[in-house]
Amino acid sequence: MLDRDQVRKVAHLARLELSPEEEEKFTTQLSDILEYFQQLSELDVTDVPPTTRAIDVSNVVRTDTLQPYRDRESILDSAPDLDGEFFKVPKIINPE
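So for the sequence shown, numbering that gives the first Met the number 0 puts the first residue at 0; every next one is plus one.
Honestly, the hints are just simulated from the structure, not real lab data.
This structure is a prediction, so every number in the text was calculated from the model and none was measured.
Using N, Cα and C, we set each Cβ at its ideal position, and we do this for glycine too.
Treat the hints loosely; a few may be bogus.
What the hints assert, rightly or not - The calculated lysine to any residue pairs, modelled on SDA-like cross-linking and capped at a C-alpha distance of 20 Å, are: (1) K24 x V9; (2) K24 x A13; (3) K24 x A10; (4) K8 x Q28; (5) K90 x P79; (6) K24 x R3; (7) K8 x F25; (8) K24 x M0; (9) K24 x L12; (10) K90 x D80.
Claimed, not checked - Computed Cβ-Cβ distance ranges for the label pairs, DEER-style: (11) Q5 x K90: 26 to 36 Å; (12) K24 x T51: 26 to 36 Å; (13) I91 x P67: 19 to 29 Å; (14) T50 x A78: 44 to 54 Å.
Hey, can you work out the whole structure from these sequences and the hints?
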């Protein structure tokens, strides 16, 4: 079980300012989480293969194909600043 001093230390390391009520609440919650992990560590998982997900899923996306936009002029007209046919944006990289 965690105590309030440990919660204060973790909050300090995380640069969090906790009220006394939050310290009490997080002490209880974090203790419960650690107790649950203790229960999980008691399980025999020697024959369980490592997985990254609980269920098998695959990413379903469309292929990314380059297509010209039909109404290019309307997009360029709404730009705050242009350089010919291109958007002009402020420089954000240091020259150094």
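Hints and how they fare:
1. K24 x V9: 14 Å, holds
2. K24 x A13: Roughly 17 Å separates the two Cα atoms, so the pair holds.
3. K24 x A10: 13 Å, holds
4. K8 x Q28: Answer holds: K8 to Q28 is near 16 Å, not above 20 Å.
5. K90 x P79: 15 Å, holds
6. K24 x R3: At roughly 10 Å apart (the allowed maximum being 20 Å), R3 and K24 satisfy the hint.
7. K8 x F25: Cα-Cα ~12 Å, so holds.
8. K24 x M0: Judged against 20 Å, a Cα distance of about 13 Å means the pair holds.
9. K24 x L12: Within the cut-off at roughly 18 Å; holds.
10. K90 x D80: Roughly 13 Å separates the two Cα atoms, so the pair holds.
11. Q5 x K90: 26 to 36 Å: 47 Å, violated
12. K24 x T51: 26 to 36 Å: This hint holds: roughly 32 Å between Cβ atoms.
13. I91 x P67: 19 to 29 Å: Given about 27 Å between the Cβ atoms, the range holds.
14. T50 x A78: 44 to 54 Å: Between T50 and A78, where Cβ atoms are some 47 Å apart, the hint holds.
When held up to the earlier numbered hints, the structure conflicts with hint 11 and nothing else.
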